[in-house]
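**Q** Here are the chains, one letter per residue:
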Amino acid sequence: AQRVTQPEKLLSVFKGAPVELKCNYSYSGSPELFWYVQYSRQRLQLLLRHISRESIKGFTADLNKGETSFHLKKPFAQEEDSAMYYCALKSMGGGFKTIFGAGTRLFVKA
Amino acid sequence: GAVVSQHPSWVICKSGTSVKIECRSLDFQATTMFWYRQFPKQSLMLMATSNEGSKATYEQGVEKDKFLINHASLTLSTLTVTSAHPEDSSFYICSARVRLSSETQYFGPGTRLLVL
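Chains A and B, in that order, give the protein sequences. For the first sequence, the positions run 1 to 110 when this note's numbering is used. For the second sequence, the positions run 1 to 116 when this note's numbering is used.
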């Protein structure tokens with residue numbers, strides 16, 4: 001079964017501290033994984049995708065097929081990073097639908 | 001960047017009535033649109049995938065006769081909640097994608113439905 005698991009509902013860190021939002025997936029194929037972010041009172045938007053291997057707003061995420069993980073990391077958290085983060089997996093069958101994890105709310109304290 | 005709009009942004013209706021929610025891609029043509037439902041403090045749950053000119057594909061557990069989806073053009077998809085009941089109260093979000101295998105989905109701002 002296809003599943004995306006984000007074990008932490010809430011993650012609170014101090015400004016300047018490293019942050020890691022965990023994501024594990026279950027998928028019987030080559031996954032395409034994404035991180036979406038939703039800032040307060042704003043719509044959901046794409047943060048980054050694994051195949052691009054890019055760094056957006058200082059965030060990076062590496063796909064670890066052995067551990068079936070796609071954790072989101074940033075070395076120095078900023079207050080403006082406070083938001084809801086969703087890990088998502090794109091299924092290559094059935095219309096290429098996207099399955100979302102439950103989300104992790106990141107709160108960066110001053 | 002691509003913009004997706006939804007109308008209305010919120011709606012209150014009486015139990016038993018039907019409500020139509022529109023999703024429009026404003027500056028691009030969307031071959032595929034998705035409809036999600038989000039309960040308070042929960043993740044997005046995919047309801048259905050809508051391809052222009054064809055019938056929508058509904059996820060398991062979603063009643064297609066209750067949630068009617070029409071994708072008549074490349075810029076408009078509609079979700080009609082028929083005979084709405086209080087348990088249908090939720091936040092409905094659409095997203096649009098340009099190509100079948102495109103990675104990027106553009107999300108609408110969502111529509112909050114409250115059924116009294």
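Worth double-checking, as some hints may not be accurate.
[What the hints assert, rightly or not] What follows is a list of derived Cβ distance ranges for each label pair:
no., chain 1, residue 1, chain 2, residue 2, range
1, B, Gly-53, A, Glu-20, 18 to 28 angstroms
2, A, Ala-110, B, Ser-83, 28 to 38 angstroms
3, A, Lys-65, B, Leu-76, 35 to 45 angstroms
[As the list claims (entries may be wrong)] Covered by chain A, per the in silico footprint, the following chain B stretches (three or more residues, Cβ under 8 angstroms):
no., stretch
4, 80-86
5, 104-115
No lab work stands behind these hints, which were simulated from the structure alone. Just so it is clear, CB atoms sit at the ideal spot from N, CA and C, and this is done for glycine as well.
**Q** Hint by hint, where does the structure go against what was stated? Just the numbers, ascending.
**A** Hints 1, 2 and 4 are the ones this structure does not satisfy, whereas the remaining hints hold.
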